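Chemist: Residue numbers (this note's numbering), protein chains in the order written: chain W, 1 to 133; chain L, 134 to 481; chain H, 482 to 1019.
Worth flagging that the hints you see were computed from the coordinates, not collected in a lab. There may be inaccurate statements among the hints.
Below, a sample of chain L positions facing chain H; criterion: calculated Cβ distance under 8 Å [as the list claims (entries may be wrong)]:
#1 Asp376
#2 Cys377
#3 Thr391
#4 Arg393
#5 Ser407
#6 Cys411
#7 Ser414
#8 Gly415
#9 Asp422
#10 Asn461
#11 Gly465
#12 Gly466
Since this is a predicted model, take the numbers as computed values, not measurements. In this text, a Cβ means the ideal position worked out from N, Cα and C, and glycines have one as well.
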Amino acid sequence: MHDILTTCVYCGCGCGVYLHERRGQVVGSSPSRNHPVSRNNLCVKGWHLHEFIHHPDRLTQPLMRKNGRLTPVDWDEAMSYAARELGRIATESDGKAVGLLSSAKCTNEENYLLQKMARAALHTNNIDHCARL
Amino acid sequence: MKDKYILKKDHLLPLLRKLKKKHRLIAPLQNLHGDTLFTEIDQLDNVRLDLANQPQNSLKRFFFPQQEVLFTYRNPTSDSYRFETAAEERPPSLYFGVRPCDLSAVLYMDVVFSKNARDPHYLHRRQNTILVGLNCNAPFANCFCNATRNGPFIDFGFDLQLTDLGDRFLVEFDRSQGQEIIREWQQFFAAADETDVKAQYQAFLEARGRFSQQVHLDLAARRLADDQVPESVWQDLSMRCQDCGGCAYICPTCTCFTIRDRQTGDHEGERIRSWDACTFSGFTRMAGDHNPVDRQMRGIEKRFRHKLQFDMEKDNRPSCVGCGRCVNICFGGTDIVLFIKMTCGENP
Amino acid sequence: MAGLATTFGSGAMTNSINEIENAQVMLVIGSNTSEAHPQVARRIFAAMDRGARLIVVDPRRTLMAKRADIHLALRPGTDIPLLNAMMRIILDDNLADDLFIEMRTENFYGLRDMLFRIDLDETARITGVELAGIRAAARLYGRAQKAVICYCLGITQHVCGTGNVQAIANLAMLTGNVEKEDTGVDPLRGQNNVQGACDMGALPNVFPSYQQVDIDDFREKFERAWHVPLPSQPGLTLMEMTHGGKDGPLKAMFIMGENPMLSDPVIARVRETLDNLEFLLVADIFLTETAARAHVVLPAASFAEKTGTFTNSERRVQMVRRVIPPLGQSRTDADIIMELSGRLGYAMDYESPAEIMEEIAMLAPIYGGMQHDRLENSWGLQWPCWDRSHPGTPFLHKYYFTRGKGRFVPAEYKPPDELPDDDYPFLLITGRIYHQYHTGTMTRRSAQLCREAGEALLQLHPEDGRRLGVRSGDLVRMRSRRGEVQVKAQLTDAVQAGEVYTTFHFSEMPINLLTSSARDHFSQCPEYKICAVHLAKV
C-alpha cells in the first residue's frame, strides 16, 4: 500500500489528503496531520473521497452521437470530428459563435490551457466557468 | 538476565535489512511532507524511520482495510450465481515500532474478529505477522494509556518488544516467533545484565510521570454504568459533533463496518466492506426512515458507551487504548477525554 | 467578487483559514459554514472554546446559528439594510476606527451621508429583526480588536450580491478590521478550485492574474508570449452562453467538467440552448446530464489520475498528485486540450504540468514565484507570490490595499427580484448540504455519503406543514413561475414560517427548474437564494 498526498476536491478549504493506492486501485483516504488546513482530520466527504474514483459509471471511452445515440468510438475519430466542427464554426464566425466552459474542478494548469486554447486557437474570449453557482 | 537482550542502536538498520529479506516490513516512516505514517518499506536506504513521533495511523487498516472487496459475483443466467473470492498472497509481514496502545488495539481486534464469528478476511491478513513493539519513554501530548492501563510499557502480546535505553534497546520476547528471530540473528543480540534491567525500570517510572493530563476514566466508566451522566453532557457533545466520522475512522479499536453490493457490469458485481461510524445517522436509521437515535441529541452516546461501558461489562477493560488520536482531530471538540472530564464534573 | 474588487481591489479571502481561530469576534453571514466549509467551522468553534464570540446572520437556524452568541434571523435579501444599520450604530456609538478611515480609505463621507439618512426603526421592519439584536451585534463587532467576517453564496447569490459584498467591506473598513493578522473579510469559495479557475483567466474579460483583455498592454504581452493575435473584445459570460435559447449567440460549445444542466438557473432554458447547438463537445469523468446531450463526449481522468495544482479559498496553491494512471482510455483534460488545440492548428507542446506552471509563473504576476518544485516541498504557497524568493502572502492588504486606498462604496437596499405573493406564497432558498457536493456527480457515487443523505428534502416549518396537511416524509408538489418538481418534505423549525429550503445536488429533483434567472448586474451571479413558490401535498 502506498499513501500519496494530494488535495481534496470537495470544497474550497483544500485539505491535504492521503490517497491509499494498492495494486492500481485507490482504496482509502486519510488526512495529513501536519497540513495547515486539514490538521489531522477531514470532513465526511473527505474520508470517502476515494469512493467515486473506480465507480463502474466512469467514462473510459470516447463517445460520438450516431443516429441519435452516443456510440463508443476511438480517440482519433472523436478528436478529428470535434476539431473539425469547432474549427469550422470558429472560423466562420471569427470566434463569436463558439463558447467554452472551463471547470472549477480541474487543475490550474488545465484551466490555463483551456483559456489559452480559447483565445489563441479559437480566437474567442467566450470562456467562463461556474464561479457564481 | 534470562530472556532479556541488548540490541545496539547502530545495529538496528542492519537487523531490519536481514529481516526484510523474509518479511514485508512495515514501520513508522516520516515522509517528505513531515507526516509520520506506518508505511510498507520498499527500500530501506532512502527512508526516514521515525521513532520519535506518534504515527498518525494505527495498524488497523493493514488488517481491517478502509474498503475491501469481500467477493465478486457473476450471474450469467438469472438462476445461477458464481462467487469468487480474491485469494490474495500474504507474504510474512513484520510490523516494527508498534506502540503499546496500537499493540493492545491489535489484540483487541483479534478478539472482535474471532471470538463470536471468525472473520476469514481479517484472520487471513493477520496470520503470518510479527509484531515488534516499542515501549513509550515519553508519552505524546494527548496520550492517556495510563488511564486505560495498557501503557506506557507493555509486557505481553508482542513477538519482540524494544525499550529505548539511549544508545541501545532492551529486547524482550513474548512469543515463539520473537524467540526465533533472536535465535536466528543471535549475532545482533547480547544478553542483558542487571544494569540494563534497572535502566528499563527507571525509564518506565519516568515515562509514567510524564503524562500531561490526568484522565479519570474509571470514575467516568462507573458513572456511565450507573447512568449518572447528566443529560446536558450528551446534548452538549452531540451538538458539537460535526458528523465527520473521523474519531471512529482514526480509532485503532473502532471496528464497525458496513457492507454493500455494487454492480460492475450487466451480470456481475462485487460485495464491498468499508469502515462505518456509529455517529452517522445512517448507521441506526431503519427502513421507513425511523431512527431510534436522535443524532442531534444523543449522536455520540453509543460510541462512548461502547468504549467505556459495554466492553467494560464484558471484558472488564475499556476498548479505548488511550492513544489520544481522536483528541486533536475532532472538528467540534467532542473527544473521549473531554467526555470523561465533563462526566467527572471537571471544568475542561 | 466584483464587490471586493471595487472596495479592496482584490476579490479573495483576505486571511488564512487558520487565522480565524485567533479572532475575538466572528461574523458569519450568508454561510452555512459547518456544512459547506467544515474546516472553517472547526476554526470558528475552536475560537469560541477560547472565548471568542460568534454572530450569525442567516434566515435559517443552522447549526452555526444554534451555537451563535447572537443569531439575527433576517428576512432573505435584506442583508444591506441590516449591515447599514450596524454601521450606523457603530458611528453613533463612536466605535468607528477614525485613524484607519483617515489613513487607509477614501469616500468615507459618501458612506456617512448615506448612513445618516437611515431610519433604524424602518430597518427593523424591513429585515424582520429586532433593533436590540442588531444593536448588540453592532456593538460586539465594533468593539472587537480582531474581528473576522466570513461570507459565502448566501451573500453573493442575490440580485444585490455586489451591494451585499460592498456593505460587508464597508463594515470591515469602518472598524479597521482588515489589514491586520487574524482580522479580515473572507469570502468562502464553494468549489475546490474556483479561485484557481478565476486566477487562470477562465473568465471572459481577463487573462491569467486578472489582466484585462481589452487593455492593450496586457493583450500585447500575451500576444508576444503566445505568438498569435488575440481578440480584444471581452467575451460572453456563462449565463449569456447557456441561456441564449434557440436564437442564442453560440453554435458550438466545449464544456470541460461542468454540468450546467443541473447547476444553472432555469434549466429548461439551458436545455433549449444546448439542444440547438450545431456542435456540443463535453469532457467529463461521468456521463452527466450535460454530457448526455453532447455530440462528442471525451472520457476525462479524475483528480487521482493527474498532476497539477488547485488554489483553495485562502489563495493557497497546492499540489494535486497522480496516484494511478488514467482509467481505461480516459485522458487528463490537459492532454485532451493539447491534442485538440494541435488539431485546431495551434500547437501546444508541454512535456509535463510543471512546464505549464512555468509558463503561468512567467505570465501571471501573482503566481510569479510558483513552480512545481517549490510547491512540492511545502504545503503550497499563498498568492500573491511575486518571485522565487517570495514566501507567499498569508493575509492581504497589509500597509495598503491592492487598489491603493480602500474605497467605501455605499450600498443601498434593493429588494429581491421575486417575492412571495398570493399565487406563490412561499419563499424558496436553495443551497448545499454537508454530505453532497455540487451536482453530485462524484458524491452521489459514494454509497456511504448517499446513505447519509441520498435524496433531496424540502425543509418546511411545522406550522406551514400543519396548514398544508403535510407531514415529514410526505411528497410535496412545488412549482414556481418557471417549473415544477416533486420533493419530500421535512418539517423543521430550522426554517422560518413562510420560507422553505432545499438543495440542488439531486438530478431527480432539479431545483433549478424553479429558480429565477434574475441576477446581479455586476457579477452576473444568479439569485439562487430567493424565488417564490407554491406548495401542495401530492
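Chemist: Evaluate each hint against the coordinates.
Modeler: Hints, verified against the model:
1. Below 8 Å, beta-carbon pairs count as interface contacts, and aspartate 376 (chain L) has one with chain H at about 7 Å; its hint therefore holds.
2. Residue-level restraint check for cysteine 377 (chain L) holds (minimum Cβ-Cβ distance to chain H is 7 Å; threshold 8 Å).
3. Annotation: threonine 391 (chain L) was flagged as interfacial toward chain H, and the flag holds, the nearest CB pair being 7 Å apart, inside 8 Å.
4. Taking 8 Å as the C-beta cut-off, the interface hint given for arginine 393 (chain L) holds, the closest approach to chain H being about 5 Å.
5. Against a cut-off of 8 Å between C-beta atoms, the interface hint on serine 407 (chain L) holds, since the closest Cβ of chain H lies about 7 Å away.
6. For cysteine 411 (chain L), the suggested interface contact is broken, since its CB lies about 13 Å from the closest CB of chain H, more than 8 Å.
7. Annotation: serine 414 (chain L) was flagged as interfacial toward chain H, and the flag holds, the nearest CB pair being 6 Å apart, inside 8 Å.
8. Using the Cβ-Cβ criterion of 8 Å, the hint placing glycine 415 (chain L) at the interface with chain H is satisfied: the shortest such distance is roughly 4 Å.
9. Because the beta carbon of aspartate 422 (chain L) sits about 6 Å from the nearest beta carbon in chain H, less than 8 Å, this interface hint is met.
10. A hinted interface residue such as asparagine 461 (chain L) counts as satisfied when its beta carbon comes closer than 8 Å to some beta carbon of chain H; here the least separation is about 11 Å, so the hint is violated.
11. Here the hint on glycine 465 (chain L) is kept, as its CB sits about 6 Å from the closest CB of chain H, short of 8 Å.
12. Contact between glycine 466 (chain L) and chain H, as hinted, is supported at the beta carbon level, the nearest pair being about 6 Å apart and thus within 8 Å.
Checked against the numbered hints above, the structure breaks hints 6 and 10 and satisfies the rest.
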